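Taken in sequence, the protein lines are chains A and B.
Read in the working numbering, the first sequence has 148 at position 148, and its numbers run on one by one without any break.
Read in the working numbering, the second sequence has 283 at position 283, and its numbers run on one by one without any break.
Think of the hints as simulated: they come from the structure by calculation, not from any bench.
For clarity, every value in this text was computed on a predicted model and none was experimentally measured.
Some clues are possibly wrong.
[To be verified] Below, a list of computed lysine to any residue pairs in the SDA-like style, where the Cα atoms sit at most 20 Å apart:
#1 A:64 <-> B:335
#2 B:404 <-> A:150
#3 B:540 <-> B:335
#4 A:168 <-> B:13
#5 A:169 <-> B:6
#6 A:169 <-> B:11
#7 B:398 <-> B:139
#8 A:64 <-> B:337
#9 A:64 <-> B:405
#10 B:404 <-> A:168
#11 A:169 <-> B:3
#12 A:169 <-> B:290
#13 A:64 <-> B:11
#14 A:64 <-> B:527
#15 A:169 <-> B:4
#16 B:217 <-> A:14
#17 B:217 <-> A:60
#18 A:64 <-> B:404
#19 A:64 <-> B:6
#20 A:168 <-> B:9
[Unchecked claim] So, partial list: chain A residues that the calculated Cβ filter (under 10 Å) puts toward chain B:
#21 26
#22 48
#23 65
[Said to hold, decoys possible] Far from chain A, some chain B residues (derived; all Cβ distances over 10 Å):
#24 27
#25 88
#26 167
#27 215
#28 342
#29 447
#30 468
#31 475
#32 510
We put the CB at the ideal spot given by N, CA and C, even for glycine.
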Amino acid sequence: MSILTAPSVTETLLEQELERMFREHYQLLYRTAYSMLNNRADAEDVPQTLFLRLLRRGIPADLKTNARRYLYRAAVNLSLDMIRSRKRHPVTSGAETIEAPFDNSDSEFAEDAHRRLAAALAELHPETAQILILRYVHDYSDAEIAKLLGVSRGTMAMRLFRSRARLKKLMQTGETP
Amino acid sequence: MKGLREYLRQSFAPFRALPPGEVEPSWERVLQRLREEPESVGNDGPVDSESPPTSRRWRRPVFVLAAAAVVLAVVVSATIEPSVADGVVSAGLLYRVSEGKTEALQVGQRIQTGEVIRSNGGKGAVLTLADTSTLEMRSASQLFLARTDDGIRIHLSKGVILVNAARQRTGRLYVQTKDMMVSVVGTVFLVNAEEEGSRVSVIEGEVRVQQGATEQKLKRGEQATTNPRMEKIPVREDIAWSRDAETHLALLQQSAEVVAPAVSKRRLVFESISIKPEQPVAYGTTISSGAPVCRGSNGHVGSSSQGQVVPLGRCIGRYVSLYWLIAAAYELSPFENERVFLGARDAVGRLPEDRRWMNNLWEHGFSIETKAENPDSTTTEQLRQMLQAMLEDRFKLKIQRETKDLQAYTLSIGRGPHKLQQASSEEPLVTTQKMVAGEQQINLKGNVTVQRFAAQFDPYPVFDKTDLKGFYAFNFTYIIPAPSPAAADAPGGGRGGGVPAPGTSPRIRALQSALRDQLGLQLEFGNVPVEAVIVEHAEKPLPN
Chain A
1 MSILTAPSVT
11 ETLLEQELER
21 MFREHYQLLY
31 RTAYSMLNNR
41 ADAEDVPQTL
51 FLRLLRRGIP
61 ADLKTNARRY
71 LYRAAVNLSL
81 DMIRSRKRHP
91 VTSGAETIEA
101 PFDNSDSEFA
111 EDAHRRLAAA
121 LAELHPETAQ
131 ILILRYVHDY
141 SDAEIAKLLG
151 VSRGTMAMRL
161 FRSRARLKKL
171 MQTGETP
Chain B
1 MKGLREYLRQ
11 SFAPFRALPP
21 GEVEPSWERV
31 LQRLREEPES
41 VGNDGPVDSE
51 SPPTSRRWRR
61 PVFVLAAAAV
71 VLAVVVSATI
81 EPSVADGVVS
91 AGLLYRVSEG
101 KTEALQVGQR
111 IQTGEVIRSN
121 GGKGAVLTLA
131 DTSTLEMRSA
141 SQLFLARTDD
151 GIRIHLSKGV
161 ILVNAARQRT
171 GRLYVQTKDM
181 MVSVVGTVFL
191 VNAEEEGSRV
201 SVIEGEVRVQ
211 QGATEQKLKR
221 GEQATTNPRM
231 EKIPVREDIA
241 WSRDAETHLA
251 LLQQSAEVVA
261 PAVSKRRLVF
271 ESISIKPEQP
281 VAYGTTISSG
291 APVCRGSNGH
301 VGSSSQGQVV
311 PLGRCIGRYV
321 SLYWLIAAAY
331 ELSPFENERV
341 FLGARDAVGR
351 LPEDRRWMNN
361 LWEHGFSIET
371 KAENPDSTTT
381 EQLRQMLQAM
391 LEDRFKLKIQ
401 RETKDLQAYT
411 LSIGRGPHKL
421 QQASSEEPLV
431 TTQKMVAGEQ
441 QINLKGNVTV
451 QRFAAQFDPY
461 PVFDKTDLKG
471 FYAFNFTYII
481 PAPSPAAADA
491 PGGGRGGGVP
501 APGTSPRIRA
511 LQSALRDQLG
521 LQLEFGNVPV
531 EAVIVEHAEK
541 PLPN
């Protein structure tokens, strides 16, 4: 008679389900986080931290209802928290930025521009940041954004308009720290 | 504003061209962090999707609350946490299994979390947990205990346990098997973990059973299995082995549902099935079928095309894809495309190569003809169940079910009584359209169910929430006014934007007023919980 060993924690149903979700939505979460944090290690950290928390806390009802919407929103929120955390504890070295398709002479400018943009995003309402990232990073149409975020197209168009206006004000008036 | 748009496009351009992230090592890293990091490291915040992250405005109060929560957590953990999931052998003989060795445990001996415990022959044994919950283990059962954030988790790897859960003061008690999780706050229930799946029987109270993304509640006397092939047996028989069988039986007899409702339910199958692959045709060729049509004694499943007559008790179809078979068998219409998940799609919306046959009716369509054993008396619901059995047997279909919210329109009865006239028999719904002075007049006429009627509002299918059964005589006309020059640019008025929001589409406005005036029905927009099916596995059937 063979001796049975304890079921591994990694074999549990919760983990299987979360692993499936992780694989399905990883690229969306990773790209979202990268666009906001401009750092590969931090970008990888966002989906990892999200799923680490889910593994420990279980699957909330909202995640079951619409996993993509829930995870995307959570990734943006977590990235915004990390941007704010950076402002409190600025990283001065070790940051790996992506190879931007700008001239080398412009790369410093591009990095600085992104830093200012990220700081401005952090001042926006998270929902606003969610819309902007979907539009300008993921190239989503109005209808696709509305569908993912669960709002009507009219509402979404109005929010997008307002979010650009708010962002413009933040960038122009130097409200960003 | 245009300058800002350009600025945003340029600033985010590098991220649109990012190479894909590496999923595999990243998931490995999650598991590594799960094992290595103390809980507070990865768990220092909620998995926060809805509420905004910590903002500058709220930082101080949130900090104060967080600090209070930490203090509270420390106090609570200091007073309650130690040995909360530990157990004591209170009856019978158990064995601790460690590194291939077994050690007998006598009554009174303690069991720590993480220790693998097994009951061998005889009458099994009883464990008492620190919270006074008792676990009666049937012979040849094996489990271990674990603590969770909010309670105790019993990992049952095989065998049967009967749990008398003490009312949990702060959290829940969970029982986990390889394919489901049961959670309770205080009740009596039985869990059976077998090779082919798991079964839960509730003796008293209520439990929640989670299988994949699907969760259901079970009440006293009810039973659920994770695998349809698993035999459902009366709950009273399921508990007969227990030392306290009489007590549990007495609890059960307070309920009328002593026998699991599904016990008498026979698996319905077709008497004959013919499935043959169709000759491939050029991709995109117009095909007059695609979905199967079944005719039951009380109506149709699917709608026949070109006046095709389907004999009673049969399902037939040409160039039928697996996708449409699933939609018919599990009643996933309307919005099939959002309710049948054949697999993860790539950036351009393609399924993985080994799954593309599932919805490619041009190259992988089937000719299908089935017949029920009693064709004259078989209902549409029974035909659906037979289709499900056929998919399991012939296509080796394995699915997970889940409930999801769709944004869609629903049809319900308005404030007053409805104005529908019942019909004695079914007559196909005929739709005619004509243009009169720039207005589009659409008429739907026939004797059909409200569900079928509602599904005809192309291109925005509507869910029937009237609860009206049977056939009704429809002669319904709605008129879409001529579009104004500005309407083409109105949000939601164009094509390809999904379901339009209320008030934004002339067609919807016309439908709403006509339904209200002519039929006393109400067309509303909102979230609609619907059932969806995720295909885990399917194979092409052998032809016959």
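Exercise for review: Quickly compare the C-alpha distance for residue 64 of chain A and residue 527 of chain B to 20 Å and report which way the hint goes.
Suggested key: holds, 15 Å
**Study point:** Minimum Cβ-Cβ distance from residue 342 of chain B to chain A exceeds 10 Å
**Key:** holds, 13 Å
Exercise for review: Hey, is residue 447 of chain B genuinely clear of chain A, shortest beta carbon separation above 10 Å?
Suggested key: holds, 35 Å
Practice item. Would you mind confirming whether the straight-line C-alpha gap from residue 217 of chain B to residue 60 of chain A stays at or under 20 Å? Key: Given pair residue 217 of chain B, residue 60 of chain A holds - Cα atoms ~16 Å apart, limit 20 Å.
**Study point:** Non-interface claim for residue 88 of chain B versus chain A (Cβ beyond 10 Å)
**Key:** holds, 20 Å
**Study point:** Restraint check for residue 64 of chain A with residue 335 of chain B, where alpha carbons must lie at most 20 Å apart
**Key:** At roughly 19 Å apart (the allowed maximum being 20 Å), residue 335 of chain B and residue 64 of chain A satisfy the hint.
Review point. Is it correct that the beta-carbon of residue 475 of chain B has no partner in chain A closer than or equal to 10 Å?
Key: Holds, because the least Cβ-Cβ distance between residue 475 of chain B and chain A comes to about 33 Å, which exceeds 10 Å.
Review point. Holds or violated: residue 64 of chain A with residue 337 of chain B, Cα cutoff 20 Å?
Key: Status holds; Cα separation ~18 Å.
Review point. Against chain A, does residue 468 of chain B keep a CB gap of more than 10 Å to every residue?
Key: holds, 28 Å
Review point. Is the nearest Cβ of chain A still more than 10 Å from the Cβ of residue 510 of chain B?
Key: For residue 510 of chain B, whose nearest Cβ neighbour in chain A is about 19 Å away, the distance exceeds 10 Å, so it holds.
Review point. Just checking, residue 167 of chain B versus chain A, shortest CB gap more than 10 Å?
Key: holds, 20 Å
Point to revise | Hint validity - residue 48 of chain A Cβ closer than 10 Å to any chain B Cβ | key: With Cβ-Cβ at 5 Å, under 10 Å, it holds.
This entry does not satisfy hints 3, 7, 10, 12, 13, 19, 24, 27, going by the numbered hints stated previously.
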